[in-house]
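Listed below, chain by chain, are the residues.
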Amino acid sequence: MEAKSDIAWCPGCGNFAIRDVLEKLLPELPVPANRIVFTSGIGQAAKMPHYLKVNYFNGLHGRSLPLAVGIKLARPDLTVIAYSGDGCMYGEGGNHFIHTIRRQLDITILVSDNQVYALTKGQSSPTTDPGAINSLSPGGNRNLPFNPVALAIAMGAPFVARGFAGDKEHLTELIRQAILFRGTALVDILQPCVSFNKVNTYQWYRQRVVKLAKPATDRSAALQTAERWGEQIPIGVIYQDDAAECRAGAEIFRRGATAEEVACQIDMKCVMMR
Amino acid sequence: MEMNVIIAGEAGQGAFSVEMELTETLSRLNYHFFATKNYMSRIRGGHNYHIVRIADHPVHALSGGIWDMVVALDGETERRHRPDLREGGIYLSREMTAAVAETAKEAFGTVAASNSVLVGIILAVIGVSAEKSAEAAEPGRAEYVRKGFEFAAKWKLTAAVPVSAAAGVHRKFDGNQALALGAVLGGCQFVAGYPMTPATSILDYFVTLAQGLPLHFEQAEDEIAAINMVLGASYAGLRAMAATAGGGFALMQEAVSLAGMTETPVVIAVAQRPGPATGLPTRTEQADLAFVLNAGHGEFPRIIFAPGSIGEMIALSRKSFALADRYQIPVFILTDQYFADSVQIVEEEIPLQVDSRQYPEFDGTYLRYRLTDEGISPLTFPGLTAALVKLDSDEHDEEGKITEDRRMRVRMVDKRRGKRALFEKEAVMPTFHGDPGAGMVVLCWGSTKLIVQEAAERLTAQGTPVGVLHFGQVYPLTREMIAPFGLEGKKRICVENNAGGQFSRLLKSELDLGVDRLVLKYDGESFTVDELTRTLKGLLA
Numbered sequence: 001m002e003a004k005s006d007i008a009w010c011p012g013c014g015n016f017a018i019r020d021v022l023e024k025l026l027p028e029l030p031v032p033a034n035r036i037v038f039t040s041g042i043g044q045a046a047k048m049p050h051y052l053k054v055n056y057f058n059g060l061h062g063r064s065l066p067l068a069v070g071i072k073l074a075r076p077d078l079t080v081i082a083y084s085g086d087g088c089m090y091g092e093g094g095n096h097f098i099h100t101i102r103r104q105l106d107i108t109i110l111v112s113d114n115q116v117y118a119l120t121k122g123q124s125s126p127t128t129d130p131g132a133i134n135s136l137s138p139g140g141n142r143n144l145p146f147n148p149v150a151l152a153i154a155m156g157a158p159f160v161a162r163g164f165a166g167d168k169e170h171l172t173e174l175i176r177q178a179i180l181f182r183g184t185a186l187v188d189i190l191q192p193c194v195s196f197n198k199v200n201t202y203q204w205y206r207q208r209v210v211k212l213a214k215p216a217t218d219r220s221a222a223l224q225t226a227e228r229w230g231e232q233i234p235i236g237v238i239y240q241d242d243a244a245e246c247r248a249g250a251e252i253f254r255r256g257a258t259a260e261e262v263a264c265q266i267d268m269k270c271v272m273m274r
Numbered sequence: 001m002e003m004n005v006i007i008a009g010e011a012g013q014g015a016f017s018v019e020m021e022l023t024e025t026l027s028r029l030n031y032h033f034f035a036t037k038n039y040m041s042r043i044r045g046g047h048n049y050h051i052v053r054i055a056d057h058p059v060h061a062l063s064g065g066i067w068d069m070v071v072a073l074d075g076e077t078e079r080r081h082r083p084d085l086r087e088g089g090i091y092l093s094r095e096m097t098a099a100v101a102e103t104a105k106e107a108f109g110t111v112a113a114s115n116s117v118l119v120g121i122i123l124a125v126i127g128v129s130a131e132k133s134a135e136a137a138e139p140g141r142a143e144y145v146r147k148g149f150e151f152a153a154k155w156k157l158t159a160a161v162p163v164s165a166a167a168g169v170h171r172k173f174d175g176n177q178a179l180a181l182g183a184v185l186g187g188c189q190f191v192a193g194y195p196m197t198p199a200t201s202i203l204d205y206f207v208t209l210a211q212g213l214p215l216h217f218e219q220a221e222d223e224i225a226a227i228n229m230v231l232g233a234s235y236a237g238l239r240a241m242a243a244t245a246g247g248g249f250a251l252m253q254e255a256v257s258l259a260g261m262t263e264t265p266v267v268i269a270v271a272q273r274p275g276p277a278t279g280l281p282t283r284t285e286q287a288d289l290a291f292v293l294n295a296g297h298g299e300f301p302r303i304i305f306a307p308g309s310i311g312e313m314i315a316l317s318r319k320s321f322a323l324a325d326r327y328q329i330p331v332f333i334l335t336d337q338y339f340a341d342s343v344q345i346v347e348e349e350i351p352l353q354v355d356s357r358q359y360p361e362f363d364g365t366y367l368r369y370r371l372t373d374e375g376i377s378p379l380t381f382p383g384l385t386a387a388l389v390k391l392d393s394d395e396h397d398e399e400g401k402i403t404e405d406r407r408m409r410v411r412m413v414d415k416r417r418g419k420r421a422l423f424e425k426e427a428v429m430p431t432f433h434g435d436p437g438a439g440m441v442v443l444c445w446g447s448t449k450l451i452v453q454e455a456a457e458r459l460t461a462q463g464t465p466v467g468v469l470h471f472g473q474v475y476p477l478t479r480e481m482i483a484p485f486g487l488e489g490k491k492r493i494c495v496e497n498n499a500g501g502q503f504s505r506l507l508k509s510e511l512d513l514g515v516d517r518l519v520l521k522y523d524g525e526s527f528t529v530d531e532l533t534r535t536l537k538g539l540l541a
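Protein sequence lines, in the order shown, are assigned to chains A and B. Following the working numbering from start to finish, the first sequence increments by one per residue and tops out at 274. Following the working numbering from start to finish, the second sequence increments by one per residue and tops out at 541.
Keep in mind the hints are simulated off the structure, nothing from the lab. Hints are supplied without guarantee of correctness; some may be wrong.
[Unchecked claim] Just so you have them, the derived chain A footprint on chain B, three or more residues with Cβ under 8 angstroms: (1) 176-190; (2) 206-213; (3) 228-241.
[Said to hold, decoys possible] Listed below are the simulated DSSO-like cross-link pairs for lysine-lysine, each with C-alpha atoms no more than 30 angstroms apart in a straight line: (4) B/K172 x B/K132; (5) A/K168 x A/K211; (6) A/K121 x B/K425; (7) A/K24 x B/K401; (8) A/K214 x A/K168; (9) B/K401 x A/K53; (10) B/K415 x A/K53; (11) A/K53 x A/K168; (12) A/K214 x A/K24; (13) B/K415 x B/K425; (14) B/K425 x B/K491; (15) B/K401 x A/K168.
[To be verified] Partial chain B-side listing against chain A, Cβ under 8 angstroms, derived: (16) A220; (17) E221; (18) D222; (19) Q353; (20) S356; (21) L379; (22) P382; (23) A386; (24) L391.
Virtual Cβ for every residue (Gly too), placed ideally from N, Cα, C.
This is chain B alone, in the form it adopts within the complex:
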C-alpha cells in the first residue's frame, strides 16, 4: 500500500512547512516515504507543490501520475492537480484548508499552527493513531496535530488510505544533505561558497554540521573567490570542497584549470539546473555533464561522479576526497535539483568514521613536483617541516619554479595526464539492476537511477524484462566498467534529463558504445516512474 499526497499553494502559504513537518514526523513514526518539491523562483505567490509518497515498502522515486490526496492551499490547485486525483481520492479544498487555518488561529493564536493541523489530517488518513501522532509531533505541536485528527473525523477521512509503518532503524536525508555528509565523512573540513539554487542546501547542511564539528565555512564574495579560497585551504592542509550550480561553476572554471596545473586536490559539487544562463533556476536538468567534462583550459585529468541514491551519494562524496588527494586532481560530484530536493529515508548502515588526509614529512630537499617512478609527486603542506611547498600556475620545474624548458614541459604534461591510467584502475563500476538475461537494457546516470529502476521493475512484472545499468562514475569510462554486462547483444536505451543526450555521446566517444534509442526530458521536471514506464513500454512495442 502507498499513499501519494500533493500539497500545493502559493510560495509562503506553508506547503513547504507541511512537507518538512510531515516527513520529519513520518520518519519518527518509522514510515517509508519519498518527498520532493516543485517550486518557482520567487519568495511569495506563484504556485508551488510538494509531493509526499508514503508507503509500507521502501520508495525512492517520484511515482507521478494519480494522487490519492490533494491538499489545496490556493485556487490554482483545483485546476492544476484535481484532474489527477484518483476516483474516490481525498480532496482538501481551498475552503477546507481555509477552515483549518481559521480554527488554528482561533485555537492556538497563530495561523502557522495550521501546517501542523494539516500534518495531523494526513497522518489520520494513513491510519496513524492520534496518540502516536502527538508523540511523534515536533516539540510543542502535539496539540496542533491532535486538532488535525478532529478535522479528519469530522470529514470522515480517518484511515481512509491506510498505510502501515514498516521502516526499521533509519536516517532521513535529502540529496544535498547526503552530499555534504559524505564530504565531511571524507575528511572535508573547509567549504567556501556563494549561494545559488540548487546548491545552497549543500552549504546549509555543512554549516549545520560545522556547529559541532571541526569544520569551517566561508561565504565568499563570488564563486571565483570561493574556489580560490578552497584551493588555498587545500594547499594549506585541509581537505576542501566548492559547491555551486552550473552558472556559479562557469565562474569557477579558471580555478579548475589552476587545480589541474598546480595538482591541488579539490572536490567540486555541481548541482545542475536547466540553463543556458539563468534558465529555470529552481527546476531540474542533467545538462552540465559536457560542461563539467570540459571545464577549464588546457589538458589535465579529472574524475566525475553522478550518484543516484542517498547511500551512493554519501559513499561517492566520501570517496571523492581520497581520490582527489591520492591523484592530486579535481574530482566532481554532479547532482541536480530533483535529487537535491528529494527527501527519503536510508535504512542501510552508514559508516560514520571520518577519513583524514596524510601529512607526510620531508626535509629541506622536498620538491613539490618531483618526477617519480610511480607517476605521482609526493604531496605535503607548508609549515610542517623545513620543506617549502611551492605551487605555480605557470608550467614549472620539479621545485615549482616557472620554466619554459620544452623537455620539462613535456615531462610535466605527461606526468599530469599519466595519472588517468592510474585512477582508471580503481573506477567505480556501474550497477546493474534487474534480469541479467533481459534483452533490453536502460543506461542512465545520476539522479534518474531509482526512477528508471522502478519503471523497469514494473515492466518486468508486466512480463517484459528490462535491465538497468546505472553509472555512478561518469568519467572516465573504461571498457572494464561495461565488460561484465554483455551490452553489445542487447537493445540499449539511454535515459537522460537533458535535450542533447550528453551521456550517450560520452558512451560513444569513450567506449564506442552506441545506443538504439534516447529517452530525453528537458521541460525542467524530472522523469516520473509512471511516465517512464509508459515511454519504455512504447519503445518495446
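Chain A extracted, bound-state conformation:
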C-alpha cells in the first residue's frame, strides 16, 4: 500500500476517507482485484485509482463514463467503477452522465462531490451553492446548482445514493451495495475540500446530514427526498429499483469469426442468423 506522502491530496482531504473505505471494501467483495476496473477523469478525485490495488484507465477530463461504457460492453465479466469529482462527472462530462444512465449497464458511478474545482485552485463547480464566492465568481456564484441525485432518479437510474466522507462506516455500506447492485448505480459522496471550500466543511455537513432508514422505491417520493438540501441533507440510498432492466454487455470477447461465417454474412445468405 502507498505511503500517505505519495498521495497527491492535501492533508485532511475528504478523499483520504473515501480511499480508506475502498481499500477496506474492495478485498471483501466477491470479485478478485484483477477483475475490478476503475475508470477516472481528471482532478484530485480522479487520482483515486492510482492509490488502490485495481486495474484502471485514468483518462481525460469528463470522459470516465464513456470509457466505462466501452469496457463494460466489451467485457461484461469485469466489475466496472467510474470514479471522479463533481467538475469532471457533472460539468465536463455532464452529457455522458445523462446518456450513460440511459444505457442501463451494470456500472457503478462514484463521485467525490466537494462543490468546488480544487485542482485548479477554487472555482465554482456545477454543484457549488448559489452565492458562494470563488476565484472566478468574486461576486458570488450566480448559477443554479446541479442536483446529480435528482437528475439520476429522473433519468431512471435504478440505484441512487448520497454518502458523506465524514461517515466511513455508512459510506462503506452504500458503496458495497452500489457495486453489488446489478445496474447503473450512483453514489454522490459529500467530500469536504479543506483547501478551497471553506463553507461546506466537515462541520457544515455533520450539522446537516440525516441518514435515511430505507430507500424509496417510488420515483416521485425519491425525487422529493433528492430535492432536500440546506438545513437537512439526506444521506443513504435514496432510490432503488431492484426490478429495473439491466442490459448485458456483448459476449464476444475472444470469440473470433471464421472465414465461412464472414462469407455467409457478406453474401447476405444468413443476415438474420442471430
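Fit chain B to the known structure of chain A by using the hints.
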C-alpha cells in the same frame, strides 16, 4: 463497349432506389460496372443524380463527360444533363418516366414498382434478355422488370447500346462497405459512433455484419463519447474502431492524444467531405489530411492510410488493426464521399480469414509501460491473470502511475516516438501504374487513384506515356518508399481533391520532394477521367 447512364431527380423520387436495384441486378448478371451518386443534404426535393457506368471490361472510376442515356425524373434534368447526352443517345424524358410511374401504379398497385420498371428499361437497352433480367431481379420484382422490357420495345430501345456481361466471380461493395469489411477481417469487434455523412454507411455495414458475427456496435451520444467507448473497449481487450467525418473527428481529437499517451491501440476512419465547418455535407474533398496528420495535442506517432481501390481498402483496413496493436498507436484510414458512395465489383479473391488479437499472460509483476530493449511495452488486458493493467493520461512511470520525474518523462517520450522508426520499416509501398520509362509521373493519394490511372492510360494510348504513383500509405513517408521510381528525373504532377495541395506539401516536408505542377479540385465533386485527361494533356502541351 460501355454505357454511361445517369438517373436524375428530386430526393425521394427514386433515383437512388433505381441505382441500388440496377447495380444489384447487374452484379447478378455478371456485368462490370461502376456507380456513384451526387446528392444534396436534404431528404426530399432538390436535385440528385446517380451515375452507372456499365461495361464489358473492368471499370473503377467516374468517366464523366457524355452520357449514353439520361433518365429524367424531374424537370431540372432536362436543363442540367440533357446537354451532355451524346448525339443519338437515349433520353427518357420526364413525361416518359411519368408514364412508367402511371403504368406501374395501375398494373402493380404501387408507384415504387416504377423503379424496377426503369431498371428493366436500362437492362433492355444494354441487350439483356427479358428472361435473364427477370431471373436476376430482386425477389418479387420480376414482373416489374419485365414491364420495363415492354416499354423498351414500344420506344424502340431494345439493345440500343449493347454491352456484354464479362465479369467473372465477384463481390460488390461500396468504399465504406469495403472499409467496414476490412475492419472486421482485421479482427475489429467493437465500433462506437455517431452518424455523420459520409461516414454513416461504415456504421451501417458494420451493424449489418454484426447481425451474424461476434461484433458490437454502440451508438454514442456524441463523437467524444464514441471514441472514448472505443478506447475503453480496446483497453478491455477488443480490437476497436471509431468512424466519422472531419467534423466529428474534430470532436475526437483529445482522445486521439489520449490514445497516443496511453498507448491504446485504436483505428480511426475519417471520411472526408468539404469543410470548413459544415461545408458541403454530402460532397467530396480530400482536405482533412493535414488535420488528421496533426490531430491531438502533444507528440506521438501515428500511421495514416488512404486506400484507392476496393481491394486496397479491404487490405489496408485489415492491416490497420494489426499495426495499431503491434505498435500501440492510433492508425487512421482516410476516405471521402466519392469513394464511400461508389459501388463497384471486385473480381480479385478477398481472403476472408479473420485476424485476432494476442492475449499474452503475465504475473502480478506486470508493468503496462515497461521499458524494453525492443522499444515496445508488452500489451495485455485486464482480468486475464493476476496482472493489473494501469493506464494513465498523465505522464506515467512503467507501472502506469502519475509521475513528474524528468528522467522518466524523457524516457517515456523517447519510447513513444521511437516506435516510428520501427513501423517505418514496414511502410506500405506506393503503387506505380503505367510505363516506368514515362517522363511524366502523376502523384496521387486516396480515392483519386483509379481516376488518375485511367486518365494516364488514355494519354498513354494517345502517344503520351504517363506514369502514376499512388500512395495508399500517406504517413509516414520514407525515402525507401519512393526510391525505386526514379522520381527525381521526371516531371512530377500532384493531383489532389483539395485547394491547398496538402499531400504535395507533405512530400516536400517529409521527403524534400517538390512537384512541378499541382492539379487541384475543390468544388465539392471528384475528378472525372475525361476532365483529368484534358487537364493533364494541357499540362503536357
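message: Holds or violated: B/K172 and B/K132, Cα atoms, limit 30 angstroms.
response: 19 angstroms, holds
- prompt: Mind checking, does the stretch 228-241 of chain B have 3 or more residues with a CB under 8 angstroms from chain A?
  reply: holds (count 12)
query: Holds or violated: B/D222 as interface residue toward chain A, Cβ cutoff 8 angstroms?
result: 6 angstroms, holds
field: chain A contact restraint on B/S356 - CB to CB distance below 8 angstroms
entry: 5 angstroms, holds
task: Would you mind confirming whether the straight-line C-alpha gap from B/K401 to A/K168 stays at or under 30 angstroms?
output: 26 angstroms, holds
message: Given the hinted pair A/K214 and A/K168, is their Cα-Cα distance within 30 angstroms?
response: 18 angstroms, holds
field: Interface hint for B/E221, Cβ within 8 angstroms of any Cβ on chain A
entry: 4 angstroms, holds
- request: Grab the minimum C-beta distance from B/A386 to chain A and call the hint holds if it beats 8 angstroms, violated otherwise.
  value: 6 angstroms, holds
query: Any CB of chain A closer than 8 angstroms to the CB of B/P382?
result: 4 angstroms, holds
- request: Examine the stretch 206-213 of chain B for residues whose CB is less than 8 angstroms from any CB of chain A, and state whether their number is three or more.
  value: Since three or more residues must qualify, the claim that chain A covers the stretch 206-213 of chain B holds, with 5 doing so at under 8 angstroms.
Chain A contact restraint for B/Q353 - C-beta distance below 8 angstroms: 5 angstroms, holds
- prompt: Within a Cα-Cα threshold of 30 angstroms, do A/K24 and B/K401 meet the stated pairing?
  reply: 21 angstroms, holds
The structure fails hints 6, 21 (numbered hints given earlier, in ascending order).
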